[in-house]
Amino acid sequence: MINKLLIIIGIIGMLLILLPILVNFQSPTNLSALAEEYVRGSVNDLKSPNVVTSVVVTYRGLDTLGEVTVLFLATLGVGFLLENKKNKSTQRTVSENIRTTSSFLVSLIMVLGIYIFTHGHLSPGGGFQGGVVIASGFLLLILSDLDFKISHAILRFVESISGLVYVLIGLIGLVLTIGFLNPAILPLGKYGDLFSAGAIPLIYSLIGLKVGSELTNIIATMGSDRSSESVVKEER
Amino acid sequence: MIETLILGFILLLIGLYAMLSQKNIIKIILGFSIADTGVHIIIVSLGYLKGRRAPILDSAVDIANSVKEVVDPIPSALVLTAIVIGLATTALMLVFAAELHKRKASFSIDDYKELKW
Amino acid sequence: MNSLIIIGLGVIMIAAAIFTIYQKSIVSAIISAGVISLLASVIYLILGSPDVAMTEASIGSALTTVVFLYALNRMRKEKKDDK
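Residue numbers (our numbering), protein chains in the order written: chain S, 1 to 236; chain H, 1001 to 1117; chain F, 2001 to 2083.
Since no wrong hints were added, every one of them can be taken at face value.
Straight line, CA to CA, 25 Å or less: simulated BS3-like cross-link-like pairs of lysine-lysine: (1) H:Lys1113 / H:Lys1023; (2) F:Lys2024 / H:Lys1023; (3) F:Lys2024 / S:Lys4; (4) F:Lys2024 / H:Lys1113; (5) H:Lys1023 / H:Lys1104; (6) F:Lys2077 / H:Lys1102; (7) H:Lys1050 / H:Lys1068; (8) H:Lys1023 / S:Lys4; (9) H:Lys1102 / H:Lys1113; (10) H:Lys1104 / F:Lys2024; (11) S:Lys47 / H:Lys1068; (12) F:Lys2024 / F:Lys2077; (13) S:Lys190 / S:Lys47; (14) H:Lys1068 / S:Lys190; (15) F:Lys2077 / S:Lys149; (16) F:Lys2077 / H:Lys1113; (17) F:Lys2077 / H:Lys1023; (18) H:Lys1113 / S:Lys4; (19) H:Lys1023 / H:Lys1102; (20) F:Lys2024 / H:Lys1102; (21) F:Lys2077 / H:Lys1104.
Hints were generated in silico from the structure; no laboratory data involved.
Bound conformation, chain S alone:
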């Protein structure tokens, strides 16, 4: 009884917090001064058509570095808490459809992921989306091929190397141009080209590799030793 009362009080309190936002809401008609500065700077200073990418990679690059660190810590926690028993031989069978389809779909999914994070400054998408697409490609591989085991050493290597190079690019920017993660350390190039916008495609590709390997690690850790032991027990 008292529980229900407290729940109702909590919901009403949240409603009272949210109500002023709703009552005072009026559709803005102009961008704020900061957003205008970002839109202009993305065209003139960075030569990157996708403004969201320039905000994520350059103007708020330090936030993104912190965000990638949080992702790394969460992956560490998942791997630390789930101790992995050794995989015994799995008795699960995979249907013919999944095996045939995945053998040619996986390569296409990987190419799509790489396309998304290398074209992050030109079209919607970028490192985070590309990394997730690559992780889902690995998921399909895990589901379809029973003998497929991802080497955690390779995943850790890719993840730590891309994180290290990411920080190094930031430090090079600090030395050369007095700006941490400033993409102007590479030539800016022509507006709208693939190799343009300085170091933005490089940084976003590194973020893509890092996010992809971390999410693959989470999925592989959580999905490992799935239903294998119960099958073994039933056989005895």
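Model the placement of chains H and F on the given structure of chain S, informed by the hints.
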């Protein structure tokens, strides 16, 4: 846009209610996930400007006048990172739930009373 | 026109959220929470942020559902081992 703002508020409240009222651990984490989606919709709809296009300045946009043609890019950039972090924290929460489940083999939160005061 | 689409999507999303709370089967609840994320990505597209829409469609509806199902599978397996 006011409709999406209201939708985000409703989803946030439903998620909060699920977190407070449900006994099943997985349902509580699902409630967190719903509330997360609601907050993201609220933030994105605060940055929307009526009749404008996405902040990608390709040849379809008049670049000299781009400030008057695109929506606010900052909320999009913030929500982009928030979604990825949301997945990682959800996975961490689920692993904690699995560890709890290993102790007593029960999904109900009422069975874990060691820390109750 | 856009507001009509958003109201339709919103009704489905709220219905899916309530279904998630009151559904007895946990697997159905997880799938319907994935539906909420999938429809949210359409709303982001209408709101003019395709980057967020791509992220939500791939993470919210695909990977989150998979992570939930994997965790549920782990828990059920332990339950079976105890018996």
